[in-house]
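Chemist: Residues per chain are reported as follows:
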Amino acid sequence: MSVAERPTAVDAARQAAADAVACLPPAPAVWCSGLRKRYGRQQAVEDVSFEVGRGEIVGLLGPNGAGKTSVIKMLLGLVHADGGEVMLLGRPGVDPSARARVGYLPELFRYQPWLSPTEVLSLHVRLSGIGVTAAEQRDSLALVGLADRAHDRLGGFSKGMQQRLGLAVALVAGPELVVLDEPTSALDPLGRADVRDIVLSLKERGVAVLLNSHLIGEVERVCDRVVILDRGEVAASGTLAELLGQRELHLQLSDVSPEAEARLAATGTVDRTGETAGLFTLSLPVDDDGTAVPDLVRDLAALGVRVHAVEPARITLEERLLGILRDGAAARSGDAR
Amino acid sequence: MTTARTVLTIAALTLREATRRRVLVALSVLTVALIALSGWGFSRLAAESGGSALTSGEARLTASIVLNLVMFGFSLIAALGTAFLAGPTVSGETESGIALAVLARPIRRSAYLLGKWLGLAVFGSGFVVLAGLAQCLVVRATTDYWPPEPVTALALLAAQTTVLLTLAVLLSTAISPMASGVVAVGLFCTTWVAGVVGGVGEGLGNEAVARVGAVSRVLLPTDGLWQGAMHAFQDPSVFATFGGSDVEAFPFLSSSPLTVAYLAWAALWVAMVWGLAATSFVRKDL
Chain X
1205 MSVAERPTAV DAARQAAADA VACLPPAPAV WCSGLRKRYG RQQAVEDVSF
1255 EVGRGEIVGL LGPNGAGKTS VIKMLLGLVH ADGGEVMLLG RPGVDPSARA
1305 RVGYLPELFR YQPWLSPTEV LSLHVRLSGI GVTAAEQRDS LALVGLADRA
1355 HDRLGGFSKG MQQRLGLAVA LVAGPELVVL DEPTSALDPL GRADVRDIVL
1405 SLKERGVAVL LNSHLIGEVE RVCDRVVILD RGEVAASGTL AELLGQRELH
1455 LQLSDVSPEA EARLAATGTV DRTGETAGLF TLSLPVDDDG TAVPDLVRDL
1505 AALGVRVHAV EPARITLEER LLGILRDGAA ARSGDAR
Chain P
2 MTTARTVLTI AALTLREATR RRVLVALSVL TVALIALSGW GFSRLAAESG
52 GSALTSGEAR LTASIVLNLV MFGFSLIAAL GTAFLAGPTV SGETESGIAL
102 AVLARPIRRS AYLLGKWLGL AVFGSGFVVL AGLAQCLVVR ATTDYWPPEP
152 VTALALLAAQ TTVLLTLAVL LSTAISPMAS GVVAVGLFCT TWVAGVVGGV
202 GEGLGNEAVA RVGAVSRVLL PTDGLWQGAM HAFQDPSVFA TFGGSDVEAF
252 PFLSSSPLTV AYLAWAALWV AMVWGLAATS FVRKDL
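Protein sequence lines correspond, in order, to chains X and P.
Mapping of the first sequence onto the working numbering: residues 1205 to 1541, in sequence order.
Mapping of the second sequence onto the working numbering: residues 2 to 287, in sequence order.
A hint or two may mislead.
Stated by the list, open to error - Cut-off 25 Å, straight-line C-alpha distance, at most; resulting in silico cross-link-like pairs (DMTMM-like, lysine to aspartate or glutamate):
{"no.": "1", "chain 1": "P", "residue 1": "Lys285", "chain 2": "X", "residue 2": "Asp1286"}
{"no.": "2", "chain 1": "P", "residue 1": "Lys285", "chain 2": "X", "residue 2": "Glu1386"}
{"no.": "3", "chain 1": "X", "residue 1": "Lys1407", "chain 2": "X", "residue 2": "Asp1503"}
{"no.": "4", "chain 1": "P", "residue 1": "Lys285", "chain 2": "X", "residue 2": "Asp1343"}
{"no.": "5", "chain 1": "P", "residue 1": "Lys285", "chain 2": "X", "residue 2": "Asp1251"}
{"no.": "6", "chain 1": "P", "residue 1": "Lys285", "chain 2": "X", "residue 2": "Asp1299"}
{"no.": "7", "chain 1": "X", "residue 1": "Lys1363", "chain 2": "X", "residue 2": "Asp1343"}
{"no.": "8", "chain 1": "X", "residue 1": "Lys1363", "chain 2": "X", "residue 2": "Asp1401"}
{"no.": "9", "chain 1": "P", "residue 1": "Lys285", "chain 2": "X", "residue 2": "Asp1491"}
{"no.": "10", "chain 1": "P", "residue 1": "Lys285", "chain 2": "X", "residue 2": "Glu1250"}
{"no.": "11", "chain 1": "P", "residue 1": "Lys285", "chain 2": "X", "residue 2": "Glu1437"}
{"no.": "12", "chain 1": "X", "residue 1": "Lys1363", "chain 2": "P", "residue 2": "Glu96"}
Quick caveat, the hints were computed from the structure, so don't treat them as lab data.
Assemble the whole structure, with the sequences as input and the hints as a guide.
Modeler: This is the structure in structure tokens:
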């Protein structure tokens, strides 16, 4: 190799390395491993590990005292973990700058009562170090329905309005990850629907959300994945489909020809316990992308089958959660014996 | 976000809190009342000395003592004010949850605490300097007395306030807001009493009693700085009128200026106590 060639080779290698790094998927919004925390004699969190991908909505579920808020506070550096590691948006959690693009609505939401919503938002924008125009800050307030109270002192605000402000604070500084700890605890049904819409719009914009909520229906509607904590440990985690298992379909049919039966069997396992009444229970495949049911109904109709009722049956997240928690309790009492 | 910007943002927020929570208004009302009362007292004093009931030396001595007395009132107001502000603004915010959203921002906790401390220091020092200056002007207008070293005196008053609020900040990182205010003010008063007792000991030539004052001034430098401030406010001819040891025994006169070593100790004390406060606050689970 000549002297003139050498720098070119180094440059090429460097370029190749840069390309390789650029092709890597972005680091997850949250990555934590082996988180532990003890308060006095109480082990609040034990070996908790999970991940929230970019643009993903993950629900954190569990009974009171399961360690959900402790985990969230450890992610944000508000509580010091006894052990374990945290990475936020690809940076180590111990570095405050990891939180530059993180929005947080605490479970205990209180804001300076001597400030107005506009002043609270501009304080948080300054502290985040991210340029957000006054108009964008006003938009954040309008999004949570506080536009007409923008200049009133917070001292006179109801809890619901303070929680709405907390949501605006979490969203104001262009976050890539939003952590919402019981975001609807003080809100009326209308407010809850607003929060759901906001969370879904965050997902559309590719913002990751970690949502801790007692309202399981809310979690089931918006979350891609769920992490269930029980007594400080991860009791279960996965996508909703993984956690809830197979879906079932109850069909009430008449004039079922052998071809139609074959069509049913091609979709999934058929249970004909209710044959006399024309009742069929069909187990749908886990990887169903939502086309299996309409395709089946179309084909059955084409085969001359009279379709009286099609009823999707699915175990709810609430039933699954209670099952997991009861199994855990039973296993513990079994161990104790 | 740079640390300096965080510190200044939080300091400005703390000052705004003091203004919005009517602390400034309450202090202003108290100050105006105290200045008006002392102004009336000094004008009576001038009238008495004009009527030759007092010699000019006695009049200057009386003016020095009363000026020191009023300044003690201001330093007490500033001490109470900042000590009871430090509690709510540091531990009150962590207890209520206001600090949660703020500290989840990309800022260091030590920068946040430094901002709080700076805001309180500016507020407390600003108060004693402005009120003290107004008082000096009132005394000059009524009795024609002007302290020998007003700048040093006011700076030492500000330093005294800063020392006490640093202690209050340390306490508020460890105990409840109310308890931190009570303990800080309690220690302030205890040190002052110990200083007076020490002065009496020196006046009586009793070394053991005198040591009480010396030791307390090292442990908490508020009284030592206060003695220096008094010395800078009072008329130097006081010493010609009284003997040195008699001056020591009187709580509102001081016989000797502060040494550079003591000022250095006070600065080191503030740095150490602030360092302890920061360590305690950084380790805290919110």
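Chemist: Do the alpha carbons of Lys285(P) and Asp1343(X) lie within 25 Å of each other, as the hint requires?
Modeler: Roughly 35 Å between the alpha carbons, so the hint for Lys285(P) and Asp1343(X) is violated.
Chemist: Next pair to validate is Lys285(P) with Asp1286(X); report whether the Cα-Cα distance is within 25 Å.
Modeler: Given pair Lys285(P), Asp1286(X) holds - Cα atoms ~13 Å apart, limit 25 Å.
Chemist: Assess, step by step, whether the Cα of Lys1407(X) is no farther than 25 Å from the Cα of Asp1503(X), and give holds or violated.
Modeler: Given that 25 Å is the threshold and the Cα spacing comes to 35 Å, the pair is violated.
Chemist: Is the hinted pair Lys285(P) and Glu1437(X) satisfied, with a Cα-Cα distance of at most 25 Å?
Modeler: 23 Å, holds
Chemist: Quickly compare the C-alpha distance for Lys285(P) and Asp1251(X) to 25 Å and report which way the hint goes.
Modeler: 22 Å, holds
Chemist: Starting from Lys1363(X), check that the Cα of Glu96(P) is at most 25 Å away, please.
Modeler: 17 Å, holds
Chemist: Decide if the proposed pair is consistent with the structure: Lys285(P) and Glu1386(X), CA atoms, cutoff 25 Å inclusive.
Modeler: 23 Å, holds
Chemist: CA of Lys285(P) to CA of Asp1491(X), is that 25 Å or under?
Modeler: 47 Å, violated
Chemist: Hey, Lys1363(X) versus Asp1343(X), does the alpha-carbon distance stay inside 25 Å?
Modeler: 21 Å, holds
Chemist: Verify the proposed pairing of Lys285(P) with Glu1250(X), using a straight-line Cα cut of 25 Å.
Modeler: 20 Å, holds
Chemist: Lys1363(X) and Asp1401(X): Cα distance at most 25 Å?
Modeler: Holds, at roughly 20 Å.
Chemist: Just to be careful, I want the Cα atoms of Lys285(P) and Asp1299(X) compared with a cutoff of 25 Å; is the pair within it?
Modeler: Judged against 25 Å, a Cα distance of about 17 Å means the pair holds.
The structure fails to meet hints 3, 4, 9 from the earlier list, while all remaining hints are met.
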